[in-house]
Each structure stands twice: as structure tokens, then as C-alpha cells.
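Sequences and hints are given; from them, build the entire structure.
Sequences listed follow chains A and B, in order.
Oh and the first sequence: position 100 is 100 in the numbering used here, straight run, nothing missing.
Oh and the second sequence: position 119 is 119 in the numbering used here, straight run, nothing missing.
Some hints could be false.
In silico DSSO-like links for lysine-lysine, alpha-carbon gap of 30 Å or less [said to hold, decoys possible]:
#1 B:K171 x B:K18
#2 B:K157 x A:K22
#3 A:K22 x B:K45
#4 A:K19 x B:K157
#5 B:K114 x A:K24
#6 A:K22 x B:K78
#7 A:K24 x B:K130
#8 A:K22 x B:K114
#9 A:K22 x B:K130
#10 A:K32 x B:K78
#11 A:K28 x B:K231
#12 B:K223 x B:K23
#13 B:K114 x A:K32
#14 B:K132 x A:K24
#15 B:K157 x B:K132
#16 B:K157 x A:K24
#17 A:K32 x B:K112
#18 B:K247 x A:K28
#19 A:K19 x B:K112
#20 A:K14 x B:K78
Simulated from the structure, these hints should not be mistaken for laboratory data.
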Amino acid sequence: MNFTNFGRYILLLKSVFRKPEKLKIYLKEIAKQMDYVGVGSLGLIAIISTFIGAVMTLQIAFQLVSDFIPKTIIGSVNRDSSILELSPTISAIVLAGKIGSAISSEIGSMRVTEQIDALEIMGINAPGYLILPKIISGITMVPMLVIISMFLSISGGYIGGSISGAVTPSEYIQGITTDFNPYTIVVALVKAFVFGFIITSVPAYEGFYVRGGALEVSQASTRAVVISCISILVCDYLVTQLLL
Amino acid sequence: MIEVKDIYKSFSGNDVLKGISGKFEEGVTNLIIGGSGSGKTTLLKCMVGLHQPDSGSVLYDGRDFTPMTYEQRIEVRKEIGMLFQGSALFDSMTVEDNIMFPLNMFTDQTRKEKIERVNFCLERVNLAGKNKLFPAELSGGMKKRVGIARAISMNPKYLFCDEPNSGLDPKTSIVIDELIQELTEEFKTTTIVVTHDMNSVMGIGDYILFLHEGKKFWEGSNKEIAHTEIKELNDFVFASRFMKAAKDKF
Numbered sequence: 001m002n003f004t005n006f007g008r009y010i011l012l013l014k015s016v017f018r019k020p021e022k023l024k025i026y027l028k029e030i031a032k033q034m035d036y037v038g039v040g041s042l043g044l045i046a047i048i049s050t051f052i053g054a055v056m057t058l059q060i061a062f063q064l065v066s067d068f069i070p071k072t073i074i075g076s077v078n079r080d081s082s083i084l085e086l087s088p089t090i091s092a093i094v095l096a097g098k099i100g101s102a103i104s105s106e107i108g109s110m111r112v113t114e115q116i117d118a119l120e121i122m123g124i125n126a127p128g129y130l131i132l133p134k135i136i137s138g139i140t141m142v143p144m145l146v147i148i149s150m151f152l153s154i155s156g157g158y159i160g161g162s163i164s165g166a167v168t169p170s171e172y173i174q175g176i177t178t179d180f181n182p183y184t185i186v187v188a189l190v191k192a193f194v195f196g197f198i199i200t201s202v203p204a205y206e207g208f209y210v211r212g213g214a215l216e217v218s219q220a221s222t223r224a225v226v227i228s229c230i231s232i233l234v235c236d237y238l239v240t241q242l243l244l
Numbered sequence: 001m002i003e004v005k006d007i008y009k010s011f012s013g014n015d016v017l018k019g020i021s022g023k024f025e026e027g028v029t030n031l032i033i034g035g036s037g038s039g040k041t042t043l044l045k046c047m048v049g050l051h052q053p054d055s056g057s058v059l060y061d062g063r064d065f066t067p068m069t070y071e072q073r074i075e076v077r078k079e080i081g082m083l084f085q086g087s088a089l090f091d092s093m094t095v096e097d098n099i100m101f102p103l104n105m106f107t108d109q110t111r112k113e114k115i116e117r118v119n120f121c122l123e124r125v126n127l128a129g130k131n132k133l134f135p136a137e138l139s140g141g142m143k144k145r146v147g148i149a150r151a152i153s154m155n156p157k158y159l160f161c162d163e164p165n166s167g168l169d170p171k172t173s174i175v176i177d178e179l180i181q182e183l184t185e186e187f188k189t190t191t192i193v194v195t196h197d198m199n200s201v202m203g204i205g206d207y208i209l210f211l212h213e214g215k216k217f218w219e220g221s222n223k224e225i226a227h228t229e230i231k232e233l234n235d236f237v238f239a240s241r242f243m244k245a246a247k248d249k250f
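If you want it as C-alpha cells, here you go:
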């Protein structure tokens, strides 16, 4: 994003947070978006998280070849990696692909078929009506998905370790319960909140300012996913540096 | 009444509107005509606030729309209904929900009252009973009629129609034109239709504003348009063989 785009993005956000015309309609829309973002992504997040947890266990076990390192470390490393990095960041990048492209395409199609103009002519704040429910669903449902992802990733590690014999169940459980720092959860949730905002607002911006037709809508969708992923990684670094 | 005064608009240094002025009275069908790229849709978008003119003013019954704040514009826009070129129906909503949408947003009517209003609007455009269909299930003409039904649902004082006949067969075009004219007379709306369809010009053009290369070239009624000596207007009006033959015959 260059500075012009960043400025337009900020101005769009200003319009998004205007007072809603009718709260009841916005709440209905928020519930619909929460269902789409949260419930609709649950299966994908569950599969990815479980396998990442299992693979992590196997890879950590592969690297810890020294007899001086207890195998309980596998559980500890898997837990901290899942909570601090893998669950929030991988989930966010996956969701940027799934939800981000859908948001950009939906709003972009509405733009090129004049549906956004129709909202404006009716006297409705189009950015507020179209984007606010998506942002609210993003900043609430992505942290929830990340919590589920953390749990499943650690559980996946347990299953992977047990099946492969890389670590015994008791060693793994001892590892994940030793020296647990609850602050890591806070860091992960802050990341999830920021990522949820990026995943919904950046694609919405890209879709809202589309000009042209189907080709431009698809290009905006691709651009939305790319910019969202880069923004997620940059914010991941910034939040980690600020909070740890 | 809507009045535009000396409207200028350019895009990236390309002058699209060059000082357009005109008065559009209520209760009559006002047409803005011109060839492709003459600036008629841009003028319409400047009038409803989708584009901000570089200079000039748009007056809605004396209220200058151009310098208004967002909140002030909202109040005027509640009095505007618009039919878009592609109908612009919300794909995810049924016909009923499309028409009910502005009612949901801006009125405190009960559901029963809103349904009654939707049914009235649908009957008015001869689509009674089509409440539960989705836009994807409608023909082009039906979409336009639903677009009109949505535009009139809030009892607008000002009705804008952007190329209402584009993509329609001649018979359906006439139905849409007649519907627009009937609604204009019935509800005493100030109706502005942007078109380059000569059947519309001859059929419903009570007041016609002809644009050419971003300038106002002519204004008058459909009774006068066939008798002008302006070359640009004659080239536009009598471009088709049919119109030329009709002119020669009469």
C-alpha cells in the first residue's frame, strides 16, 4: 500500500465507524457475519491446527537427539510455539485466504454492479453497513478460532507423539503443564485481535474501491490476500516485539 | 423541482461536463439525452451526489445539495429514488427484501405495514406475487420493474432513472417508459431519465435536455425535437434508418 492508499484506507475506516442508521439491522448483519467467519471456518482451522501440532511434535522430537535433554521439552516447545506463533499466525494467514478473498469479491462485485451506489442513494452509509459487521465479526471470531486452534494444535501434538512413539503421553502432558506462562495466551489473543481486524478491513478496502468489471474484482481479491498476509506478518513482528 | 447551475466536472484533466444548466420540473418526465460519452450519466451522478462537481450547484427545491454535509445529504437522499442501468438489486435478498430494505432502515413501520407497502409497490409495477423470488430468477425487464418498485417504496419526491431501457426489447422498453411516466404523474415526482433510446424520447420526453461533448446543446419537448435545425441534435435523433424514414415520410 502506498501512502495514498493508506490515506484512503484510514478515511474509509472513519466512514465505517459512523453511527449506524438502525442498530437492529446492523446486529442482524453482525450475527450473520459471525456465523460465516467463525462457524464457517471452524472445520478448516481444526484440520490445519491438529496436523500442525502433530507435525511439530515429530519435528521437535527429530531435532532433540541428545540424551541430556528430557523428552518433556517436546511438549513445552510445542505448547509455546502453538500458543505464541503457530495458532494465531497460521490461522490468520489461512483465514486471510478464505475470508479475505470472499470479502473482497463480495464487496467488489457489489461495487461494479452499482449495488453500493444504490445503498448510498438510499441514504445508507455503505461502508458502515457493508464493512462494520465484517470487522466486528473478525475481531471477535478470530480470537475464538485461535483459542480453539491452540487447544487442537496441542492435542494434535499429543496424538502425533503417541502414534509415532516420539514421546510418551505422560512425558508430553508433563511437558505441556510445566512452566506454563499464562501471559503467552494474552499475547496470542492480542495478535488474533489485530489479525482479525486486518483480515476483514484490508480486503473490504480493496473491494470497496474496485473500478471496472470481473477481471478487476478478481485482481482486487488477489491483492487483498497478498496485502493481508504481509500486514499480518509485519504486525506479528510488531506485537511480539511490543509485548514480549 | 431540481435545478442544475453551471456544472463542471472533469476526470484526470479530461473535461466531461462543461457548464451544464437546466431546470427539471415536478410531475413531468425530464429526459437527459446524448450520445455515448456525452456526459449524461456523469451529470446524473453529480446530481445525486455520487460524483462531486468541480463547480456549480444542484438545487433540490431550492436546497443547494453540493455544499451539504454528509448528514444533510442523507436527509435529501431519503427523498430520492433511483433506478440503475443494471437495476442494482441486492443479489442476496429476495424481491420483497429488496423493496423492504429502505423501509427497514428508515421507518418504524410494523412488519405488516411494510409487507403491505411492498405488495402495493409490486402491484404498481405489475409484479404482484413475485415477493419470494431472487434477482437471479428474474428477467431483465422484471429486474427493472423491481428496481422501480424499490425506488418508489419510500414515496420519493425525486426519481432518477439511468438508462432504464438498456438491454430490453422494444416492447418491454415501452412498458418501462409508460410505467415511469404513470408514476411521475401519479406521485408528482420530479423524474429525470437518462437515455439515448429514441422511443423514450418520442414517447415520454416532456422536457428534454440534449448534451453533446459535455455541453448543453438544446432543450425542449418531444414535440419540438423533430423540427430543430441543430446539426448535432439531428445527427443524434435521426441516426437510425427508421427515424430517418419516419422524418422523410412526415
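Okay, the hints, checked on the actual structure:
1. B:K171 x B:K18: violated, 35 Å
2. B:K157 x A:K22: Given that 30 Å is the threshold and the Cα spacing comes to 23 Å, the pair holds.
3. A:K22 x B:K45: holds, 26 Å
4. A:K19 x B:K157: Judged against 30 Å, a Cα distance of about 26 Å means the pair holds.
5. B:K114 x A:K24: Status holds; Cα separation ~16 Å.
6. A:K22 x B:K78: Holds, at about 14 Å.
7. A:K24 x B:K130: holds, 26 Å
8. A:K22 x B:K114: Measuring from Cα to Cα gives roughly 16 Å; hence the hint holds.
9. A:K22 x B:K130: holds, 27 Å
10. A:K32 x B:K78: At roughly 26 Å apart (the allowed maximum being 30 Å), B:K78 and A:K32 satisfy the hint.
11. A:K28 x B:K231: Distance ~57 Å between A:K28 and B:K231 Cα, so the pair is violated.
12. B:K223 x B:K23: holds, 18 Å
13. B:K114 x A:K32: holds, 23 Å
14. B:K132 x A:K24: holds, 23 Å
15. B:K157 x B:K132: Holds, because 28 Å separates the two Cα atoms, which is no more than 30 Å.
16. B:K157 x A:K24: holds, 27 Å
17. A:K32 x B:K112: holds, 24 Å
18. B:K247 x A:K28: violated, 58 Å
19. A:K19 x B:K112: holds, 27 Å
20. A:K14 x B:K78: Holds, at about 22 Å.
Hints 1, 11 and 18 from the earlier list are contradicted by this structure; the remaining hints agree with it.
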